[in-house]
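Protein chains in written order, with the working numbering: chain E, 1 to 234; chain V, 1 to 234; chain W, 1 to 234; chain S, 1 to 234.
No lab work stands behind these hints, which were simulated from the structure alone. Careful: at least some of the hints might be erroneous.
Because identical chains cannot be distinguished in the list, a pair is counted as satisfied if it fits within a single copy or across any two copies.
[What the hints assert, rightly or not] Here are the simulated lysine to any residue pairs, SDA-like style, with alpha carbons at most 20 Å apart:
#1 28 / 228
#2 28 / 176
#3 28 / 151
#4 28 / 173
#5 28 / 165
#6 28 / 119
#7 28 / 6
#8 28 / 215
#9 28 / 118
#10 28 / 100
#11 28 / 117
There are 4 protein chains.
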Amino acid sequence: MTGEWQAERDWPLLTQGLAGRLRQDCMKQWLDFVGHPFVEGVASGTMEVEAFRNFLIQDYLYLIQYARACALLVHKSDTLTAMRHAAQLLSGILDTELSMHVGYCRQWGIEEPALEQAEESIELLAYSRFILDRAQTGDMLDLLVTLAPCLIGYAEVGARLHASPRTVREGNPYWSWIALYGGDEYTALVEDGVCRLNEVGAAYGAQARYPTLLREFTTAVRLETVFWTTARSG
Amino acid sequence: MTGEWQAERDWPLLTQGLAGRLRQDCMKQWLDFVGHPFVEGVASGTMEVEAFRNFLIQDYLYLIQYARACALLVHKSDTLTAMRHAAQLLSGILDTELSMHVGYCRQWGIEEPALEQAEESIELLAYSRFILDRAQTGDMLDLLVTLAPCLIGYAEVGARLHASPRTVREGNPYWSWIALYGGDEYTALVEDGVCRLNEVGAAYGAQARYPTLLREFTTAVRLETVFWTTARSG
Amino acid sequence: MTGEWQAERDWPLLTQGLAGRLRQDCMKQWLDFVGHPFVEGVASGTMEVEAFRNFLIQDYLYLIQYARACALLVHKSDTLTAMRHAAQLLSGILDTELSMHVGYCRQWGIEEPALEQAEESIELLAYSRFILDRAQTGDMLDLLVTLAPCLIGYAEVGARLHASPRTVREGNPYWSWIALYGGDEYTALVEDGVCRLNEVGAAYGAQARYPTLLREFTTAVRLETVFWTTARSG
Amino acid sequence: MTGEWQAERDWPLLTQGLAGRLRQDCMKQWLDFVGHPFVEGVASGTMEVEAFRNFLIQDYLYLIQYARACALLVHKSDTLTAMRHAAQLLSGILDTELSMHVGYCRQWGIEEPALEQAEESIELLAYSRFILDRAQTGDMLDLLVTLAPCLIGYAEVGARLHASPRTVREGNPYWSWIALYGGDEYTALVEDGVCRLNEVGAAYGAQARYPTLLREFTTAVRLETVFWTTARSG
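Bound conformation, chain E alone (with noise of 0.2 Å):
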């Protein structure tokens, strides 16, 4: 449809370096995650708000893991800038983005002892602890290829949304949400991340392993496809 947003013509970033070669060669799989029903219930508004409440209870319990996980890269960083480098990373999710959640969780009626108190669900356990593994198993590279897909899908369909004609601005109680990955913090968050990981890439020899990084990528994507529907099981 003339006018839509389309990733490759409106935000190049996300087709370059190894990320953007990643996405590419798992189009289909990508597809299905960033077109996924809940982007487009968020988009229209429609979505049940229970379900978007589940997400968000499991999306909170998922950056408890993403921290530890950030604690991995500080530990396998081998020069002292990739290890304050990764270390904000953590610091931002632990002292800044775990309390902005729970500020954004309280509008949405959930209150902090429900989110400590929540059982993490099958899909949240499947993509975290896939992470973790892969973070435990491989180097730091293997890290930030599983961990490249929610960077850069979150930002797509930010933008995507944020740009789009066709999502209802007006008395859509996830605006904030579209709002907030669509935004400029996010954006240059995720601009950096593409940065860090083509120079990573670079001196990890990611050409040559480029077969078994798109295995972990596809698996990654898939995982979080999955997780958009723990809205319905947490």
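Chain E is fixed; fit chains V, W and S onto it per the hints.
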């Protein structure tokens, strides 16, 4: 029902020691696991063949991840005796069990290439990577506790179905599976494993660590339960 | 000798709780550590400057490995509170302590590039990689126990030299080092660490695991002792 | 000297592939390793028996840590073939090599309890824990590269001493040691290992990662060199 098999009476081992206490303290989740419709479908012989085939494929993939957990058990052992014991479990899987499983699958019309090319299900990823994460995060006791539901649960299911007058024997395509887990060889393996868990529990402070151990045991039981349903999603 | 500082009397904290018990139960090795000729050379101000410089360089490299151990502490923490606590230790090293150490080294004529290009000594490799291996093999308690000799040993050395009438103050080039480890800020850090170790010890079964904990504590003490001599081989 | 054994000419395998390139690029450190006074003392038969005994004890303790590294190799393998290969190395050490080593030690008057109660030397701790840390931090290639100096270095020493007209044969108490590492069985093991390293190197991007690999190889060579001197400090 009079005459029915009862774990507590018919195989007291299941109720003794650390494993017995853990099983008792999450009895609700435990009964969901050992009394799952999958188990009933096996007992009556009415389970769909296709579902059982999917289960067998995922079980093959599970064995591979289980072997990786055994490798971590070798790494975490602090005596030569413990290392050798864990290495024998590892060799047992890689050299014997996997081949037996391949042979068994062939009887069900699943050839080895199909096993090798199969994709890990969400249920398998959740369960196996949870175990591997606990293995890396905790010590040998955490690892053995998360492996315990698989060990004793299959034994309990096997023993019960093997003994139950309600189990269909004649013409039940799943009788060989029941005979395997209800048989003397698997029973001996379980008795050995339960003893080992008690020894390790005593030396590694299971008493004081019980709340954490119960939490990880219960999660593993929940993931085992979900793993039965991998048959449908495989 | 009357009037001399005595750990047991002058800082009872060193003799209390899990850390105190461990220290007491390897007293022979402990005295070799805290009463090492390096310590006496610092107290009298007679240590060769070149040896102290070598020590400072290896201590810089040690901090980097210590930060990696803190990253594993974040990964192994099982509550958000514990994760945040460990992440603050980590940031403290990467953002503050390393910079302070670089500044201190500059006062001794060691420029930052010299620190960055220095080769890890055998003593440093043995000590730091032993800690990291225990961190990976065991759980959070094993990690904290192997880190404890560093924490409380430097505090004991600092407190004793700071208080001792035999320590040379005027013109002693090492007085600033003594003032650092005998000062209030480091003292507070140690008191916090000792409390934390007791809490974790209780929750993780230190009582039952004591023989193993003592063995790893004693090895760490031995490696700390050898680390003083890195000054000569650096 | 004419007629002397030369690695480059007499065993071209040592100069080929990834291992050969790494060996070549740290030739200074390599010569310190393979031409160490310990090696000369073995060749001439003049090394003190007590020093050799200490070496044998530490070598026993090294085998145990080496087995733990092989366990991590199983865990990090991404195919069943690779897992089985690594598990065979592991079983080989635990079931065969350790027993042979115990038998060999007995010939030198060292009984098994003495082996079991021996304390790990600083040199052993530095070397073995460095390998285990690289194993956890990096991927399978990092692990194989840090294990390579041991594999090919002992082969080179064995082959050279075995062939050299200068090596004392008659009445040399160390001839059996030379015969072991210069013998066909160990040679075959090394040839297999060198091939495996090349395969893994190709699949895991050794070309792009070469600077890091060379750094870890060189550190391992340095630690092997120091390990010869464990004989004195044991």
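Verification of the supplied hints:
1. In this assembly of identical chains, the alpha carbons of residue 28 and residue 228 lie at most 20 Å apart only when taken from the same copy (17 Å versus 28 Å across copies).
2. For the identical chains of this complex, residue 28 and residue 176 are neighbours neither inside a copy (29 Å) nor across copies (40 Å), given an alpha-carbon limit of 20 Å.
3. In the homo-oligomer, the alpha carbons of residue 28 and residue 151 lie at most 20 Å apart inside one protomer (18 Å), although the nearest pairing across protomers, at 39 Å, exceeds that limit.
4. With identical chains, the CA atoms of residue 28 and residue 173 are never at most 20 Å apart, being 30 Å at best within one copy and 38 Å at best between copies.
5. Taking the closest pair of Cα atoms, residue 28 and residue 165 never come within 20 Å of each other, the shortest separation being 24 Å inside a single copy and 50 Å across copies.
6. When the C-alpha separation of residue 28 and residue 119 is checked against a cutoff of 20 Å, the pair qualifies only between copies, where the shortest distance is 16 Å, while the shortest distance within a copy is 31 Å.
7. For the homomeric pair residue 28 and residue 6, the shortest alpha-carbon distance inside one copy (16 Å) is at most 20 Å, but the shortest distance between copies (50 Å) is not.
8. In this homomeric assembly, residue 28 and residue 215 come within 20 Å of each other (Cα to Cα) only inside a single copy, at 14 Å, whereas the closest approach across copies is 38 Å.
9. Proximity of residue 28 to residue 118 under the C-alpha cut-off of 20 Å is restricted to the inter-copy arrangement: shortest distance 18 Å between copies versus 33 Å within a copy.
10. Taking the shortest alpha-carbon separations for residue 28 and residue 100, neither the intra-copy value of 33 Å nor the inter-copy value of 36 Å comes in at or below 20 Å.
11. With identical chains, the CA atoms of residue 28 and residue 117 are at most 20 Å apart between copies only, with a shortest distance of 19 Å across copies and 36 Å within one.
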